[in-house]
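Protein chains: 2
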Amino acid sequence: MNNFTLFGDICYNTTERTLATATGAYLVCLDGKSAGVFDFLPEQYKHLPVIDCRGQLILPGLVDLHVHAPQYSYRSLGMDLELIDWLTLHTFPEEARFEDLAYAKLAYEQFIADIRRGPNTRSVVFATRHVPGTVLLMDLLEDSGLITMVGKVNMDRHAPAPLVEHDAATSLADTRAWLREVTGRYKRTSPILTPRFIPSCSDALMEGLGEIQQELSLPVQSHLSENQGEITWVESLRPHTMSYGHAYHAHGLFGGDVPTVMAHCVWPSEDEFSLIKKQKIWVAHCPQSNINLASGIAPVRRYLEAGVPVGLGSDVAGGAHTSIFRAMSDAIGVSKLYWRLMDQTAAPLTLAEAFYLGTLGGGSFFGQVGGFAAGFEFDAIVVDDREIPGKHNLTIPERLARVVHLSDERQIKRKFVRGVEI
Amino acid sequence: MNNFTLFGDICYNTTERTLATATGAYLVCLDGKSAGVFDFLPEQYKHLPVIDCRGQLILPGLVDLHVHAPQYSYRSLGMDLELIDWLTLHTFPEEARFEDLAYAKLAYEQFIADIRRGPNTRSVVFATRHVPGTVLLMDLLEDSGLITMVGKVNMDRHAPAPLVEHDAATSLADTRAWLREVTGRYKRTSPILTPRFIPSCSDALMEGLGEIQQELSLPVQSHLSENQGEITWVESLRPHTMSYGHAYHAHGLFGGDVPTVMAHCVWPSEDEFSLIKKQKIWVAHCPQSNINLASGIAPVRRYLEAGVPVGLGSDVAGGAHTSIFRAMSDAIGVSKLYWRLMDQTAAPLTLAEAFYLGTLGGGSFFGQVGGFAAGFEFDAIVVDDREIPGKHNLTIPERLARVVHLSDERQIKRKFVRGVEI
Chain A
42 MNNFTLFGDI CYNTTERTLA TATGAYLVCL DGKSAGVFDF LPEQYKHLPV
92 IDCRGQLILP GLVDLHVHAP QYSYRSLGMD LELIDWLTLH TFPEEARFED
142 LAYAKLAYEQ FIADIRRGPN TRSVVFATRH VPGTVLLMDL LEDSGLITMV
192 GKVNMDRHAP APLVEHDAAT SLADTRAWLR EVTGRYKRTS PILTPRFIPS
242 CSDALMEGLG EIQQELSLPV QSHLSENQGE ITWVESLRPH TMSYGHAYHA
292 HGLFGGDVPT VMAHCVWPSE DEFSLIKKQK IWVAHCPQSN INLASGIAPV
342 RRYLEAGVPV GLGSDVAGGA HTSIFRAMSD AIGVSKLYWR LMDQTAAPLT
392 LAEAFYLGTL GGGSFFGQVG GFAAGFEFDA IVVDDREIPG KHNLTIPERL
442 ARVVHLSDER QIKRKFVRGV EI
Chain B
42 MNNFTLFGDI CYNTTERTLA TATGAYLVCL DGKSAGVFDF LPEQYKHLPV
92 IDCRGQLILP GLVDLHVHAP QYSYRSLGMD LELIDWLTLH TFPEEARFED
142 LAYAKLAYEQ FIADIRRGPN TRSVVFATRH VPGTVLLMDL LEDSGLITMV
192 GKVNMDRHAP APLVEHDAAT SLADTRAWLR EVTGRYKRTS PILTPRFIPS
242 CSDALMEGLG EIQQELSLPV QSHLSENQGE ITWVESLRPH TMSYGHAYHA
292 HGLFGGDVPT VMAHCVWPSE DEFSLIKKQK IWVAHCPQSN INLASGIAPV
342 RRYLEAGVPV GLGSDVAGGA HTSIFRAMSD AIGVSKLYWR LMDQTAAPLT
392 LAEAFYLGTL GGGSFFGQVG GFAAGFEFDA IVVDDREIPG KHNLTIPERL
442 ARVVHLSDER QIKRKFVRGV EI
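Chains as they are written, first to last, in my numbering: chain A, 42 to 463; chain B, 42 to 463.
So here's chain A without its partners, still in its complex pose (with noise of 0.2 Å):
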């Protein structure tokens, strides 16, 4: 059934601020997309079986801009570090080990059983560098009926001998062999670009995916600026670059005509931040991990009034929750507390705001996402606040924050991806 109409209290951003809201309202899908939000349904839509949904609220699927798929098991492990600490002591390690196509099985089926049971419709994930466990992962993604763009990772240096990759030919061969594998295979699931970030990729490993993305036209996600000793790192490998953005841009892999998502943001330099302007580079806020690692808060009214489109990330595991609502969640505490302590002109984050990076704002990543406008693509979720206990006579936007801030995957009762019920 791909032609149907969902019937409940809608709500969905249809800018920045604003939220579009209808009580007892329809939502028609046709052939994956939406063909708007109807208080009384037209007559052409009439003969569709409805999905009654009264009393529950009905809201676009959310959207995680950045997540490593492997780091799913140790979520909450080794968060008394820092973040080149935490890479070498925890995250390394764990990775190789999928280098086993059995463990990454298991592991990544832990993984994606979460995101199925959670309100999230799409996610941009890191997977490792191995070619076969990214593959493995990428089929499994597919059969889950999720979203995903997945990158096989490079890294060619600082890295302990299990996990770097041999040198960058042996990099650029590995992605080239997986691109073919992987290419045209799939109607859900496709490739994007990863190198892991500038410490871990040589120079000519960074000149070799710049002519892979020239040829394939293939978007491109890395991290970027999330912690100062990383950054003071990154100025110490490349000394004659203008700044950590500037060295992803020597190599044609920031943005311009190249779709291009950057997790975390924290520190940008002035010549960064005009950059990542300049070049439309989509911004994944990833709060709870930027608290986790003690990297800082993101400047992201800073972003949002430069035009810069943001979203936003669990970045599991320097996250510990997969759900875009505690990102959502995290994103207006660490606004408040940014506004509080650091900058009094940056307004702290309003639930809108907050609900739109992660809806539309991530969505716009992936085309026409994140919202119910005819012509969206139709990510749905349907969440029983009733569930929730407290006040009940509410508005929309009052129902929105609780389901925001206290609900968790029980609530999620349905859910469509590109009009299809997962």
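There's no promise every hint is true.
Copies of the same chain are indistinguishable here, so a pair counts whether it falls within one copy or spans any two.
[To be verified] Pairs of lysine to any residue, SDA-like flavour, derived with a Cα cap of 25 Å:
| id | residue 1 | residue 2 |
| --- | --- | --- |
| 1 | K432 | L147 |
| 2 | K146 | A214 |
| 3 | K74 | H281 |
| 4 | K454 | I429 |
| 5 | K454 | E428 |
| 6 | K454 | P430 |
| 7 | K319 | A414 |
| 8 | K432 | E123 |
| 9 | K319 | Q254 |
| 10 | K321 | A137 |
| 11 | K432 | F133 |
| 12 | K146 | I429 |
| 13 | K321 | H199 |
| 14 | K432 | R451 |
| 15 | K454 | D155 |
| 16 | K432 | D449 |
| 17 | K321 | D298 |
| 18 | K87 | P240 |
| 19 | K432 | D121 |
Hints are computed from structural coordinates only; laboratory data are not their basis.
Based on the hints, put chain B in the right spot on chain A.
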């Protein structure tokens, strides 16, 4: 059954920084107190019934040092406001409704049901100004099996008419009537003097409460230096008082021989900090509330280094979540931001320290509570951390980290308060 043995994997703090752990060990309960933790069960306890919780974690019950029972119903609402506006627009109108006992019963039952499901075993609770409603809350809490201190709130100025008390004399007469009604009435529930905060209490009221304290040797709870606007207001109300804390102290309601817990303590002046230390005030650190109301981050490391007793508060509905596991997780998080953004000499809280705050630290306000050394009151929870997806071949501190950051009430399998299972 008040004498028994729990068998499982045991973890508790012996000091602020130190966790004691025992895998496959016995925790003995005699007459509501711990007789100690044993790797092998001593002969004299072998006749006791054994409750087999193998593979699960046995932890001290958690202590919430600051929570507002009447605010539970509107958790997460109005979170775009700061303290004083939030009180005016949300808190005061809602609390006024607790004049109606039928309304109060419904609301308080929801609050108590939530806490019973979760990991907390003890709480220090604000009710409202209403005597019948406060007695009702205490009756319901007594029946719940939880151990609590509950305060009828005093507030004779600067609140809207339905909530503010007529004058100091009325407030004091009501307080005495309430105390006559509840004294000696309960086994698990006791009264605590509760001036709301200095802006709500005239000097005459504070004076009278000081006299009641002297007569009846009651403990005291209130709020202190939560928000910068609030502090400025207190300065204007009491221009001749050295600090906000000194305003309580002037009436004998600030520690010393008077067990006193003050919520928040985010912005202590040097004079106030010294007084907190000298008077051995319990600080109820409420990280989530301090985020939600954009108050700031309390200098917890400074308090710990000064030997000030610190516990955790959910501060519902400034905080949205009743679980003190969530407060531990948030306390670690904000301590990292404090270190990164405000003071790089204030080391972030470790997991052991956060667990201390939510068990022994807050528990000490109730006496020998929050640990399992022989003689401690027997508050224990059994947590099945195997239900949390991810790695399972872990040390007990690693398992505790997963419980603190990732568990919810579904993993709380059994709960004992002073030796009684609830």
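**OP:** First find the shortest C-alpha distance between K319 and A414 inside one copy, then the shortest across copies, and answer within, between, both or neither for a cut-off of 25 Å.
**Re:** neither (28 Å within a copy, 62 Å between copies)
Subject >> Within, between, both or neither, where K321 and D298 count as close if Cα-Cα is 25 Å or less >> reply: Close inside one copy (9 Å), not across copies (62 Å); limit 25 Å.
Subject >> Intra- versus inter-subunit Cα pairing at 25 Å for K432 with R451 >> reply: both (19 Å within a copy, 23 Å between copies)
**OP:** Have a look at K432 and E123 and pick one of within, between, both or neither, based on CA distance no larger than 25 Å.
**Re:** Between copies, since 21 Å is at most 25 Å while 41 Å is not.
Subject >> Homo-oligomer pair classification [L147, K432; C-alpha up to 25 Å] >> reply: Between copies only: 11 Å across chains, 41 Å inside a chain, cut-off 25 Å.
Subject >> Homomeric proximity label, K146 with A214: Cα distance no greater than 25 Å >> reply: Intra 24 Å, inter 69 Å, cutoff 25 Å: intra-copy only.
Subject >> Homomeric proximity label, K432 with F133: Cα distance no greater than 25 Å >> reply: Only across copies: K432 and F133 sit 16 Å apart there, 46 Å inside one copy, limit 25 Å.
**OP:** Have a look at K432 and D449 and pick one of within, between, both or neither, based on CA distance no larger than 25 Å.
**Re:** Both, since 18 Å and 22 Å are each at most 25 Å.
Original post:
What label fits K87 with P240 when the C-alpha limit is 25 Å: within, between, both, or neither?
Top reply: neither (58 Å within a copy, 60 Å between copies)
Subject >> Intra- versus inter-copy proximity for Q254 and K319 (alpha-carbon distance at most 25 Å) >> reply: Result: close within a single copy only, 19 Å intra versus 65 Å inter.
Original post:
Should K74 paired with H281 be assigned to within, between, both, or neither, using CA atoms and 25 Å as the limit?
Top reply: neither (48 Å within a copy, 67 Å between copies)
**OP:** Tell me, please, which holds for K454 and E428 at an alpha-carbon limit of 25 Å: within, between, both or neither?
**Re:** both (11 Å within a copy, 21 Å between copies)
Comparing the model with each numbered hint stated earlier shows that hints 3, 7, 10, 13 and 18 do not hold.
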